[in-house]
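Enquirer: Full structure from sequences and hints, please.
The listed protein sequences correspond, in order, to chains W and U.
Take the first sequence: its position 138, counted from the start at 1, is 138 in the working numbering, and no numbers get skipped.
Take the second sequence: its position 611, counted from the start at 1, is 611 in the working numbering, and no numbers get skipped.
Careful, some of the hints might be misleading.
Some but not every residue of chain W turned toward chain U, in silico, with C-beta under 7 angstroms [to be verified]:
1. M1
2. Q6
3. Y10
4. V12
5. T14
6. N202
7. G275
8. M277
9. P286
10. Y289
A few chain W residues that don't get close to chain U, going by computed Cβ distances all over 12 angstroms [unchecked claim]:
11. G22
12. T30
13. W121
14. S173
15. D243
16. G264
17. N266
18. S272
19. L317
Straight line, CA to CA, 25 angstroms or less: simulated BS3-like cross-link-like pairs of lysine-lysine [as the list claims (entries may be wrong)]:
20. K141/U / K328/W
21. K538/U / K7/W
22. K113/U / K2/W
23. K349/U / K267/W
24. K236/W / K7/W
25. K95/U / K82/U
26. K538/U / K320/W
27. K113/U / K124/U
28. K185/W / K236/W
29. K445/U / K349/U
30. K94/U / K113/U
31. K200/U / K141/U
32. K217/U / K292/U
33. K247/U / K169/U
34. K94/U / K65/U
35. K356/U / K232/U
36. K204/U / K217/U
37. K7/W / K111/W
38. K41/W / K320/W
39. K329/W / K51/U
40. K538/U / K267/W
Derived from the structure by calculation, the hints contain no laboratory data.
Built from N, CA and C at the ideal position, the CB exists for glycine as well.
Spelled out, the chains give:
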Amino acid sequence: MKENIQKLLYTVVTSQAISSSGRFLYACSTFGDIASYNIEKITSCIENVNNEDISDPISVFKYPDSPISMSVHREFLIIGSKNGLITGYKTSSGIIQHKSWNIQLQLSPEKIDISEVSDLWVDSEKELLYAACGSDIFQCSLDNGTVLNKFEGHEDFIQSIQGCEQNFVTASSDGTVKLWDSRTKKATFSIKPSENKEISRNQFGNWMGSASISKSWLSCGGGPKLAVFHLNQITKQPFQVFDYPSTIHVTDFVDLDNLLVAGGSNKMIQYSLNGNMISDIETSGPAVYSVVWYKNQQYKFLSAGGASNNIDVSINLTYKDATLNFYKKT
Amino acid sequence: MVNDVKKRTKTASTSSPTKPPVVPLSKEEIYNNVISFEESEESRFKRDHFKECFNELNKIIEDVKALKGLKTDEAKKRIAEKRIQGSMVIVKLKKLNRLDKLRLHGHRETLQKEKLQADSNRLKLQNLIYEANHLKKEINKCFSFKSEDEDIELVPVEEFLEKAPEILKGAETIEDEHTMRKARLQFELQQRKEYSKQCKDLEKDKEDVAEKTVEVKKNLNSIYPCLQEVLKTTRPIQQILNMPFEKEWEIQKLIRLLPQPLYLAYTKLCAYSEVIDKRLSVSIEGDEEEAKIIEMERKQMKDRAASDVEDSDNEVDENDFDEGMNHRKIKRRQSQIENLKQKRLDLFKHHPLSVKFNISMKDIEETFSVILNYLPALGFITVQGKFNIDSNGSVAAADIITQERILSSLYADDFAEGSPNPKTIFQLQNVQLNPNDLDKALNEKKLGKPFKWAQNLCGISFTEHLNIDQSQKLCEETVPDLIRQIRRKLRARISLYNQIKLLENGKIKDKISVRVSCILQLFVSISYPEYCVEICTKRFVQEGIVNPNDVFYRAVITRGSAKLECYICIPSNFPSDYPIFAVDLSWNDFKYNAETSAHTREIENLINNFEVKSNEELLMEQLHRTMTSFDIFLETESSQHENPEFQQEKRHSYGFQGKERSRPYNPKRNLTLFSSGSYN
Numbered sequence: 001m002k003e004n005i006q007k008l009l010y011t012v013v014t015s016q017a018i019s020s021s022g023r024f025l026y027a028c029s030t031f032g033d034i035a036s037y038n039i040e041k042i043t044s045c046i047e048n049v050n051n052e053d054i055s056d057p058i059s060v061f062k063y064p065d066s067p068i069s070m071s072v073h074r075e076f077l078i079i080g081s082k083n084g085l086i087t088g089y090k091t092s093s094g095i096i097q098h099k100s101w102n103i104q105l106q107l108s109p110e111k112i113d114i115s116e117v118s119d120l121w122v123d124s125e126k127e128l129l130y131a132a133c134g135s136d137i138f139q140c141s142l143d144n145g146t147v148l149n150k151f152e153g154h155e156d157f158i159q160s161i162q163g164c165e166q167n168f169v170t171a172s173s174d175g176t177v178k179l180w181d182s183r184t185k186k187a188t189f190s191i192k193p194s195e196n197k198e199i200s201r202n203q204f205g206n207w208m209g210s211a212s213i214s215k216s217w218l219s220c221g222g223g224p225k226l227a228v229f230h231l232n233q234i235t236k237q238p239f240q241v242f243d244y245p246s247t248i249h250v251t252d253f254v255d256l257d258n259l260l261v262a263g264g265s266n267k268m269i270q271y272s273l274n275g276n277m278i279s280d281i282e283t284s285g286p287a288v289y290s291v292v293w294y295k296n297q298q299y300k301f302l303s304a305g306g307a308s309n310n311i312d313v314s315i316n317l318t319y320k321d322a323t324l325n326f327y328k329k330t
Numbered sequence: 001m002v003n004d005v006k007k008r009t010k011t012a013s014t015s016s017p018t019k020p021p022v023v024p025l026s027k028e029e030i031y032n033n034v035i036s037f038e039e040s041e042e043s044r045f046k047r048d049h050f051k052e053c054f055n056e057l058n059k060i061i062e063d064v065k066a067l068k069g070l071k072t073d074e075a076k077k078r079i080a081e082k083r084i085q086g087s088m089v090i091v092k093l094k095k096l097n098r099l100d101k102l103r104l105h106g107h108r109e110t111l112q113k114e115k116l117q118a119d120s121n122r123l124k125l126q127n128l129i130y131e132a133n134h135l136k137k138e139i140n141k142c143f144s145f146k147s148e149d150e151d152i153e154l155v156p157v158e159e160f161l162e163k164a165p166e167i168l169k170g171a172e173t174i175e176d177e178h179t180m181r182k183a184r185l186q187f188e189l190q191q192r193k194e195y196s197k198q199c200k201d202l203e204k205d206k207e208d209v210a211e212k213t214v215e216v217k218k219n220l221n222s223i224y225p226c227l228q229e230v231l232k233t234t235r236p237i238q239q240i241l242n243m244p245f246e247k248e249w250e251i252q253k254l255i256r257l258l259p260q261p262l263y264l265a266y267t268k269l270c271a272y273s274e275v276i277d278k279r280l281s282v283s284i285e286g287d288e289e290e291a292k293i294i295e296m297e298r299k300q301m302k303d304r305a306a307s308d309v310e311d312s313d314n315e316v317d318e319n320d321f322d323e324g325m326n327h328r329k330i331k332r333r334q335s336q337i338e339n340l341k342q343k344r345l346d347l348f349k350h351h352p353l354s355v356k357f358n359i360s361m362k363d364i365e366e367t368f369s370v371i372l373n374y375l376p377a378l379g380f381i382t383v384q385g386k387f388n389i390d391s392n393g394s395v396a397a398a399d400i401i402t403q404e405r406i407l408s409s410l411y412a413d414d415f416a417e418g419s420p421n422p423k424t425i426f427q428l429q430n431v432q433l434n435p436n437d438l439d440k441a442l443n444e445k446k447l448g449k450p451f452k453w454a455q456n457l458c459g460i461s462f463t464e465h466l467n468i469d470q471s472q473k474l475c476e477e478t479v480p481d482l483i484r485q486i487r488r489k490l491r492a493r494i495s496l497y498n499q500i501k502l503l504e505n506g507k508i509k510d511k512i513s514v515r516v517s518c519i520l521q522l523f524v525s526i527s528y529p530e531y532c533v534e535i536c537t538k539r540f541v542q543e544g545i546v547n548p549n550d551v552f553y554r555a556v557i558t559r560g561s562a563k564l565e566c567y568i569c570i571p572s573n574f575p576s577d578y579p580i581f582a583v584d585l586s587w588n589d590f591k592y593n594a595e596t597s598a599h600t601r602e603i604e605n606l607i608n609n610f611e612v613k614s615n616e617e618l619l620m621e622q623l624h625r626t627m628t629s630f631d632i633f634l635e636t637e638s639s640q641h642e643n644p645e646f647q648q649e650k651r652h653s654y655g656f657q658g659k660e661r662s663r664p665y666n667p668k669r670n671l672t673l674f675s676s677g678s679y680n
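Expert: Structure representation (structure tokens):
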């Protein structure tokens, strides 16, 4: 099959990141390209019902390997790829300029098969990077690039990592979700939702696809259903369970306490914590692997990428406003 | 006035008695005298005299009336007197009357005379006018007279002055135009005489030579049987030495009869086959005699080119003439239809000779032959292919190796749809044919299709005018690549054909190392509309990745309760483009395709884009890959279930990987262990 056709038909957007200024969106595909988009322009075009074509990326950067996860810190775009390699690229006005630094994580030989950096979380206040690689979490200093700590405890590779203040939460293929305290370097709480009959879904498996925390809540989902736990008086009993129809790859708290969920179907749904559905966005592809959002005084922006050449954009966070192309149609 | 008349009457009366005594006169003389007298009297006659006389008479009558009333003697006397006077007046009147008659007579006579005179003058005048016209005509004739010498081409004046003998060009000849001309004519005559003499001499020479030639020919002809005899005796030697001279001579003869495009193709293909490609053989087919006739006609046509122009003019005239007559019109219409039919036939007439080349391949028995036909009227080449493969055994596979599918799309977008020649549309319109019917018409005549590469092969270009050198160059450039392309396509297609034949019977080549647990239930060919109906193929149809010229198949693979349907498109330019699979997976009452399931999308991507080392058994490998992927999907999927339907039969390193939870579809190097990873 011709390469351009293959790209149009089979692109998978694995990760996205929004620049720290909130002005640019980066997205990476399985073909090793990183596309950047101008968020300001996109939002203003949608608001003014401008016919200007904003769906194509402003630039496409060819990453030498396959990028798997992305995050940002200051002007750097941090890319996690295979074999425990994390690289920092300097960006300027949404254009990736050059490689600036890299961190090579030391992996134990028995875990070499699952060595990709599957997710990244940046604690920008403390200038710390948390990288989920295989079944371990590495805490790195963004100041000098040294690995400070290694958090062990999961038995299979980690699907997602996300944090809030000194806590962060991980979801793993082994079916557990663990809450960690960065100060004690230990899991303060661990739960296996598949053991709970209320949450488990046999047909999808035990794996946990995503977990996220806000100041007072923890949400997680994957093969089992989406469930929310209260952080203050944490128990193994969920505070609320949601019936998302498919597997879950993404959960996040959007705009204070709205719970966003997306995964192995073309539905991206937002719930309020008491279980009401707030919005239901139909996505371009059959699965969503990455959702990022940003909010400041001027605009709100949310984008979802997955098993499609298209990235779906919403500027009021509740319905689809536009779709961006990763690869241009020729 | 009365007095005057009286006097005249007196003189008249007096003169007549006085003359007789002078000369005794004869009766005629008297008569003549009287006449002459009366003529003289008459000349003095005036019409007023009548009036005077009547007035006088009236007065007398009135007087008498008055007198009668008196009834006196006096009156009686006077009445008598008056009566006498009255009588006198009457006499006078009588006289006047006579004179008047006489005068009338005289005048009539003069009138008659004058009339005659006028008539004769008129006649004279007309004669003169006639004569004048005649003279004018004569003058005009003289003016328009053309001397024959004007048509004669004379030598130019300069040359004349240079070459003519001195006698002809005196000083005055140069000055006077007429004499000059006469002199030139004279000179011309001299020269022409000389030339005709030369001509006669030469003709005589020619005849002599011709006679000699005839003699020589006779001699040669007598040698010919001897030569043939010699040739016959050498045949065994030719065979023994394996040097078929005679055959080559025959071919050489044929080659000369080929039209230029076919000639080019033939020579270049021959050269290529001799030097580079021994498995390519080239030959000429067709009716030699007919070709000879055409060649002769062509030569004659050249000679007659000029006279043809006149002929066509005459035709037009005839047509104009016909239009008046109704019954002729009908006849004409019939003849027009006949004419049209003839024209159509002429348009699609191909040259009796065609060039055929056979391509054979190592390890493969089947040979493929391509026949090039030239259509002189349409100006392009059509191509037929022939495959000596026995395709009766298989329905689905036969589609792959039809000659059209092999020849079409050898180069990008060359489906031979429509004519390569832009003129063709108008030529077809001329004979009232729809341009879309070209294909049909060519099919009827079994001429094949006008592929673009065939035109290049024969050095024909419709975009620019090529001279012979450029044509040759174009031809030279086309040959090697074309042969390679055909061969590549043939090889791939034959391999594909064999694969499909196996698949159709449900046989799939098993790789020893990888056990396939699912079963190929069905492998059939489907039509383009059937292909388009399916949901999973929608994307390919919409994006224009597949098109109606491709070949389509449907394969059904099952394992347990799960079913995978593959809609396979073999692109027309296979093996440049690989077969494209669209898969539709149904399991547990769910149907998944690339649009509804990321997993199916992933499998589809893998099948459509996996790298192969060679095109050999590509389809088989793709299908094998599909089946192992299907197995792995089912196994990994059911490994999550409490009561798995499918047991894990393949070893994989990790079940799922990455955010998208890819399954380990990619076989590792030793082919027994599967892992997930990048698509490539």
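Enquirer: None of the hints should be skipped; say for each whether it holds.
Expert: Here is how each hint holds up against the structure:
1. Residue-level restraint check for M1/W holds (minimum Cβ-Cβ distance to chain U is 5 angstroms; threshold 7 angstroms).
2. The beta carbon of Q6/W is positioned within 7 angstroms of a beta carbon in chain U (closest approach about 5 angstroms), and the interface hint is therefore held.
3. Here the hint on Y10/W is kept, as its CB sits about 4 angstroms from the closest CB of chain U, short of 7 angstroms.
4. For V12/W, the interface hint holds, since its Cβ comes within 7 angstroms of a Cβ in chain U; the closest pair sits about 6 angstroms apart.
5. At its closest, the beta carbon of T14/W sits 6 angstroms from a beta carbon of chain U; the interface hint therefore holds under the 7 angstroms criterion.
6. With a least beta-carbon distance of about 5 angstroms to chain U, the hint placing N202/W at the interface is held under the 7 angstroms criterion.
7. Of the supplied interface hints, the one on G275/W is violated, with its beta-carbon coming no nearer than about 26 angstroms to a beta-carbon of chain U, more than 7 angstroms.
8. With its C-beta approaching chain U no nearer than about 21 angstroms, M277/W sits outside the 7 angstroms limit, and its interface hint is violated.
9. Interface restraint check for P286/W: the shortest CB-CB distance to chain U comes to about 5 angstroms, inside 7 angstroms, so the restraint holds.
10. Taken as an interface hint, Y289/W checks out: its beta carbon lies about 5 angstroms from the nearest beta carbon of chain U, inside 7 angstroms.
11. With 12 angstroms as the threshold on Cβ separation, the claim that G22/W sits away from chain U holds: the shortest Cβ distance comes to roughly 24 angstroms.
12. For T30/W, the non-interface assignment is contradicted: its Cβ lies about 6 angstroms from the closest Cβ of chain U, within the 12 angstroms cut-off.
13. With a least beta-carbon separation of about 14 angstroms from chain U, W121/W lies farther than 12 angstroms from that chain, consistent with its non-interface assignment.
14. Once the 12 angstroms rule is applied to beta carbons, S173/W is inconsistent with being away from chain U; the minimum gap is 6 angstroms.
15. With a least CB separation of 18 angstroms from chain U, D243/W remains clear of the 12 angstroms interface cut-off, as annotated.
16. Interface exclusion of G264/W from chain U breaks down, the closest Cβ pair being 6 angstroms apart, not more than 12 angstroms.
17. Remark: the non-interface label on N266/W conflicts with the geometry, its nearest Cβ contact in chain U lying 8 angstroms away (cut-off 12 angstroms).
18. The Cβ of S272/W sits about 26 angstroms from the closest Cβ of chain U, beyond the 12 angstroms cut-off, so the non-interface label holds.
19. In this structure L317/W is separated from chain U by more than 12 angstroms, as the shortest Cβ-Cβ distance comes to about 22 angstroms.
20. The suggested pairing of K141/U with K328/W is violated, with an alpha-carbon distance near 91 angstroms, which exceeds 25 angstroms.
21. A threshold of 25 angstroms between alpha carbons decides the hint, and for K538/U with K7/W the separation of about 17 angstroms falls inside it, so the pair holds.
22. Note on K113/U and K2/W: the hinted pairing is violated, with a Cα-Cα distance of about 126 angstroms set against a maximum of 25 angstroms.
23. For the proposed pair K349/U and K267/W, the alpha carbon gap of about 65 angstroms is over 25 angstroms, so the pair is violated.
24. As the CA atoms of K236/W and K7/W are separated by approximately 44 angstroms, the hinted pair breaks the 25 angstroms bound.
25. The hinted pair formed by K95/U and K82/U meets the criterion: a straight-line CA distance of about 20 angstroms does not exceed 25 angstroms.
26. The hinted pair formed by K538/U and K320/W meets the criterion: a straight-line CA distance of about 24 angstroms does not exceed 25 angstroms.
27. At most 25 angstroms may separate the alpha-carbon atoms for a hinted pair to count; K113/U and K124/U meet this at roughly 17 angstroms.
28. Restraint check for K185/W and K236/W: the C-alpha separation of about 21 angstroms stays at or below 25 angstroms, so the hint holds.
29. Under the criterion of a C-alpha separation no larger than 25 angstroms, the hint pairing K445/U with K349/U is consistent with the structure, at around 9 angstroms.
30. Using a Cα cut-off of 25 angstroms, the hinted pair K94/U and K113/U is violated, with the two alpha carbons roughly 29 angstroms apart.
31. Between K200/U and K141/U, the direct Cα distance comes to roughly 40 angstroms. Violation of the 25 angstroms bound is thereby established for this hinted pair.
32. For the hint pairing K217/U with K292/U, the CA-to-CA distance comes to about 23 angstroms; that is within 25 angstroms, so the pair holds.
33. With a C-alpha separation of about 71 angstroms, the suggested pairing of K247/U with K169/U is violated against the 25 angstroms cut-off.
34. Distance hint between K94/U and K65/U is fulfilled; the C-alpha atoms sit about 24 angstroms from each other, no more than 25 angstroms.
35. Between the alpha carbons of K356/U and K232/U the distance comes to roughly 30 angstroms, so the proposed pair goes past 25 angstroms and is violated.
36. For the hint linking K204/U to K217/U, the alpha-carbon distance of about 20 angstroms falls within 25 angstroms, and the restraint holds.
37. For a cut-off of 25 angstroms, the pair hint linking K7/W to K111/W is broken: about 31 angstroms separates their Cα positions.
38. Using a Cα cut-off of 25 angstroms, the hinted pair K41/W and K320/W holds, with the two alpha carbons roughly 17 angstroms apart.
39. With a C-alpha separation of about 136 angstroms, the suggested pair K329/W and K51/U falls outside the 25 angstroms cut-off, and the hint is violated.
40. About 21 angstroms separates the Cα atoms of K538/U and K267/W, which keeps this hinted pair within 25 angstroms; it holds.
When the structure is compared with the earlier hints, violations turn up for hints 7, 8, 12, 14, 16, 17, 20, 22, 23, 24, 30, 31, 33, 35, 37, 39 and for no others.
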